[in-house]
Amino acid sequence: MPSVTLNQKVVEKLLGKKLSLEDLKDRISMLGTDLDSISDGQIKVEIFPNRPDLLCEHGFGRALSSFIGSHKGIRLYKVVPSGHKVIVDPSVAMRPFTVCAIVRGLSITEEQLAELIQLQEKLATTHGRNRAKSAYGIYPLANISFPLRYVAMDPTTVSFQPLGFGHSMKASEVLELHPKGRAYAHLTKGWTKYPFFVDAKDSVLCMLPFTNSEDTGKVSVGTKELFLESSGTDLRNCQVALNIMVTALADMGGKVESLEVVYPAKSAKVKSGNNIGTIVTPDLRATTMKFDATYVEKVLGLKLKNTELVDLFARMGFVYSKGVVSIPCYRADILHPVDFVEDIAIAYGYENFKPVIPKIATIGEQDPFEKFISKLRVLCVGLGITEVVNYHLASRDGLSLFLESEDSKLVALKNAISEHNHLRQSILPGLLKTLSTNQHNEYPQEIFEVGRVFSFDSAFDCGVREDTALGVALCHEKADFTEIQQKVDALCVALGLQIRIKEMTHPSFITGRVGALFAEKKVIGFIGEVHPRVLTSAGVMMPVVVGHIDLRALYDICHM
Amino acid sequence: MDLKAVISKLHPLERKVIPVLITNRELGAISIASGLDLTETMRALQWLENKEALTLESKMYKVVSLDSNGLIYLKAGVPEQRLFDVLSSEFQSLSVVAAKSKLSVEEVTASLGILMRERVCESRKEAELMLRKAPGAQTFVSTVSAFLAKPFPINITFLSSAELDIVEALKKRKSFIRVEEKKIVTVVLTALGEALTKEEINSDVVNRLTPAMLKSGSWQDKEFRAYDIEMGVPSISGARVHFTNQAIDYIKNIWVEMGFREMTGNYVQSAFWDLDALFVPQDHPAREMQDTFYLPGKARLSAPLFSVVKEVHETGGKTGSLGWRYPFSKAESEQILLRTHTTVLSAQTIAGLKKEQLPAKFFAVGKVFRNEALDWKHLFEFDQVEGIVIDPDATLAHLKGYLQEFYSKMGYSQIRMRPAHFPYTEPSLEIDVFHPIRKEWVELGGAGIFRPEVVRSLLGFDCTVLAWGQGMGRIISEYWKITDIRVMYTNDLAMIRKAKVYLK
Chain H
1 MPSVTLNQKV VEKLLGKKLS LEDLKDRISM LGTDLDSISD GQIKVEIFPN
51 RPDLLCEHGF GRALSSFIGS HKGIRLYKVV PSGHKVIVDP SVAMRPFTVC
101 AIVRGLSITE EQLAELIQLQ EKLATTHGRN RAKSAYGIYP LANISFPLRY
151 VAMDPTTVSF QPLGFGHSMK ASEVLELHPK GRAYAHLTKG WTKYPFFVDA
201 KDSVLCMLPF TNSEDTGKVS VGTKELFLES SGTDLRNCQV ALNIMVTALA
251 DMGGKVESLE VVYPAKSAKV KSGNNIGTIV TPDLRATTMK FDATYVEKVL
301 GLKLKNTELV DLFARMGFVY SKGVVSIPCY RADILHPVDF VEDIAIAYGY
351 ENFKPVIPKI ATIGEQDPFE KFISKLRVLC VGLGITEVVN YHLASRDGLS
401 LFLESEDSKL VALKNAISEH NHLRQSILPG LLKTLSTNQH NEYPQEIFEV
451 GRVFSFDSAF DCGVREDTAL GVALCHEKAD FTEIQQKVDA LCVALGLQIR
501 IKEMTHPSFI TGRVGALFAE KKVIGFIGEV HPRVLTSAGV MMPVVVGHID
551 LRALYDICHM
Chain U
1 MDLKAVISKL HPLERKVIPV LITNRELGAI SIASGLDLTE TMRALQWLEN
51 KEALTLESKM YKVVSLDSNG LIYLKAGVPE QRLFDVLSSE FQSLSVVAAK
101 SKLSVEEVTA SLGILMRERV CESRKEAELM LRKAPGAQTF VSTVSAFLAK
151 PFPINITFLS SAELDIVEAL KKRKSFIRVE EKKIVTVVLT ALGEALTKEE
201 INSDVVNRLT PAMLKSGSWQ DKEFRAYDIE MGVPSISGAR VHFTNQAIDY
251 IKNIWVEMGF REMTGNYVQS AFWDLDALFV PQDHPAREMQ DTFYLPGKAR
301 LSAPLFSVVK EVHETGGKTG SLGWRYPFSK AESEQILLRT HTTVLSAQTI
351 AGLKKEQLPA KFFAVGKVFR NEALDWKHLF EFDQVEGIVI DPDATLAHLK
401 GYLQEFYSKM GYSQIRMRPA HFPYTEPSLE IDVFHPIRKE WVELGGAGIF
451 RPEVVRSLLG FDCTVLAWGQ GMGRIISEYW KITDIRVMYT NDLAMIRKAK
501 VYLK
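Protein sequence lines, in the order shown, are assigned to chains H and U.
Position 97 of the first sequence, counting from 1, maps to 97 under this note's numbering, and the rest follow consecutively.
Position 432 of the second sequence, counting from 1, maps to 432 under this note's numbering, and the rest follow consecutively.
By construction, these hints were calculated from the structure, which means they are not laboratory data.
Now the in silico label distances, taken between C-beta atoms and shown as ranges:
#1 U:G460 <-> H:E110: 52 to 60 Å
#2 H:T536 <-> U:A494: 21 to 29 Å
#3 U:R370 <-> H:P444: 30 to 38 Å
Under the rule of at most 35 Å between Cα atoms (straight-line distance), these lysine-lysine pairs were calculated in the DSBU-like manner:
#4 H:K72 <-> U:K318
#5 U:K174 <-> U:K102
#6 U:K498 <-> H:K371
Positions of the beta carbon are idealized from the N, C-alpha and C atoms, including for glycine.
Using the sequences and the accompanying hints, generate a full structural model.
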């Protein structure tokens with residue numbers, strides 16, 4: 001979730017009425033943004049990813065002023081044609097779409113410059129998915145000669161002076177030398193050509209998705225006319241971003257002009273798939289969606305009069321009339337009428353909903369297997385064994401003790417960032433670790449744990465077999481096989497079962513002191529005295545006997 | 001306090017010590033006189049001190065004792081005496097004298113210095129040093145010999161100033177004496193103590209009732225010692241259920257009380273169930289590699305449901321939604337991961353429901369995983385609580401009703417809903433509770449109504465599905481005052497054995 005810092009004065013000027021600090025805080029929270037703080041003239045707030053239009057002062061102020069009722073209804077923006085053209089070359093298959101705009105009549109102030117920079121950056125990280133989906137450029141119009149070309153070129157053949165650099169360099173050097181080149185190089189893996197905006201005099205405006213050029217791409221305080229482009233892999237995503245930037249500039253007093261973006265003709269056969277013909281951008285027209293007013297009552301339980309409904313829509317910047325809602329061009333999040341319902345709930349005020357518990361009869365029940373586990377916990381505690389809880393994830397080394405299954409069945413994670421990068425295949429390594437870290441505490445130490453254990457098994461849809469197991473470890477000077485057998489016996493007697501033990505071999509146990517547990521002729525686990533070699537490598541300097549029981553198997557036997 | 005009452009509570013050890021206090025006041029001496037070892041004696045004295053019968057004073061004293069050479073000289077005589085005793089009125093050479101006195105040259109040299117200072121010896125330089133008794137010095141009795149005869153070790157405060165001079169002199173000689181700091185415990189009787197020493201104290205009281213006494217009836221003639229039951233005892237602790245599971249059990253009970261059925265399921269899931277089925281777009285920032293643990297391999301998916309979900313993402317399908325409008329990737333769906341939220345269980349439950357089973361209510365408490373490094377406020381696995389209500393007549397007002405009830409059972413009587421955003425709910429809200437101690441609103445969970453894109457795909461028809469959930473971490477760390485959440489998995493047995501039971 002992106003966090004933005006907004007200039008409090010700029011926002012307040014847009015509100016149309018004065019709010020006390022308390023009211024301002026409250027309204028910001030209840031509009032649907034996560035307020036962090038208001039101090040030193042700054043509003044720090046987290047914007048949810050569905051509302052990129054709130055990422056700048058003008059967008060935020062616009063929404064808040066509607067919400068508090070001072071500027072209700074939809075904002076409409078006038079666009080006049082500039083007569084200029086941008087030619088999209090079929091070569092830009094790597095980022096096939098661009099949409100552009102011109103805004104005149106500005107005089108960019110320091111505050112506005114800061115706002116634009118933050119908006120551009122936050123939009124690119126969230127809405128543009130860290131520039132993977134779209135990235136944006138803002139240029140002073142004065143130095144540009146139309147028509148522009150959006151074209152992919154071999155970077156070894158192009159030179160320009162990147163933003164922030166005092167000299168010109170080969171475009172191929174940008175990847176290594178420019179900070180943005182290095183930061184976004186991963187997006188361009190496998191590219192031999194890169195998309196550029198080039199003007200009629202062949203000067204480079206920018207190299208995408210990295211940087212503008214210093215000569216034509218540097219906006220400063222006092223700039224009066226701007227050219228904007230939003231380019232990437234998804235046309236709609238580019239359009240929404242452009243609309244958010246352009247409407248913010250229009251709210252600063254700018255006059256918006258459109259351009260013709262000339263794509264390859266629909267009939268053309270191009271690899272890039274951008275043969276959509278000529279489009280005119282920006283398109284700041286409102287869109288519409290049908291809305292059935294009864295949906296509000298169904299979801300929110302509110303019986304609203306038509307006038308109330310119209311007012312609530314207006315407070316969220318929409319127009320509702322006769323079953324149709326007009327949606328402003330900067331809203332990216334309206335997919336379904338339910339999205340209006342949420343906005344109506346916000347406008348109505350979440351604080352104003354009265355809690356209701358419906359009188360419906362449903363039967364509550366714990367999962368029977370979970371209930372069984374709870375009973376086992378009680379039995380273990382009754383036998384004087386204390387419960388511990390270890391992670392399901394463990395390091396490979398930690399798991400090598402008691403490795404019963406073959407290595408190939410041990411489940412390794414693909415991308416764990418810590419050394420806990422395997423799913424445990426047994427409860428026992430965790431219990432030994434617990435004993436090793438508790439050697440300063442009083443003995444006897446008798447512990448158990450219930451949890452999931454994992455192994456690769458292609459019979460399952462996700463390729464992993466998941467079992468629930470009970471592990472018990474008894475640790476003190478005189479811990480021996482008899483004691484663990486007694487405890488397991490007692491446990492099974494309490495479940496109405498008789499167990500039998502059959503000697504087995506297992507390298508982690510003292511020979512002749514490990515046995516498989518059978519109940520009703522089925523193997524349910526094993527018990528044994530841990531081999532001193534294992535104890536030494538686990539760092540436990542006290543005898544340990546253990547038991548490991550498959551609880552699903554035990555449950556099934558108990559419920560046969 | 002009544003003297004009789006005090007006597008009745010006396011422990012057998014105390015009973016043995018009291019009589020010897022009349023004549024002994026030092027710990028060692030008391031131990032010898034009472035026949036108890038030092039530890040038993042000390043315990044008895046401390047109990048008596050607790051009863052205010054005496055006060056124990058421990059002081060540090062310097063104690064002089066004989067060192068290795070000192071012990072030899074005690075038997076063989078001090079070197080200067082031995083040297084004098086072999087001198088005669090005639091000059092003898094140093095080596096002769098040394099041989100006669102059985103002293104080393106070093107000892108002879110040291111002793112010679114002393115005898116010269118005492119003017120009882122004369123020397124003459126020839127080829128070898130020659131020695132004889134000084135004329136007129138017929139006898140010499142070393143003060144050191146007398147000093148050595150004293151009963152060591154000796155408290156230095158009991159020495160005269162002349163003896164202290166000797167100590168100073170001997171300290172300079174090799175391994176003669178040792179002067180050490182020692183603790184000496186002495187007893188000062190209070191008035192009660194004085195009174196006790198004058199009483200006849202029966203040392204034959206019964207400490208423990210035995211089966212034999214019961215069988216023989218001998219208990220009838222016995223006097224039972226009264227215990228000092230107000231004194232406190234060493235602590236013990238029984239076995240426990242781990243404290244996190246106590247809180248989880250409590251929460252499960254709340255749900256059952258409210259008529260919810262429990263959902264369970266696998267930790268290892270497909271991206272399809274964990275995310276796609278919940279209408280989380282495949283390029284959603286939360287799906288990026290670093291947040292989620294992925295496993296190798298490809299999951300097998302149910303073909304009919306897969307095509308429904310794919311269509312909903314791409315075009316909205318039959319849900320009335322525009323969809324996310326991007327090419328849906330099967331490979332992305334087939335990825336295997338550790339579940340990132342228990343909402344995956346809600347999705348699977350909804351997918352298995354039929355119209356005639358509604359309304360229905362479910363809950364889950366279970367582990368979820370995030371690919372994070374461990375630190376004091378981040379774990380890579382933790383417990384999440386989740387509830388859903390599938391009810392065609394449910395509304396947002398019901399959601400608030402259920403939440404109010406749930407959180408009041410958790411100990412928070414006031415709740416507040418705030419707008420929020422989750423990809424699979426609309427409306428989405430954050431739940432704040434009013435913290436009764438901190439007196440402020442605290443964010444505790446998320447809630448909402450499942451989007452039609454989710455419900456329609458999984459259930460097959462439209463229906464309101466209320467949903468809410470939260471992590472268990474806050475509840476557990478607050479109750480057990482844990483500041484580092486890794487403590488939940490540290491398994492310090494001392495802490496687990498002593499942790500307060502979940503009393504809510």
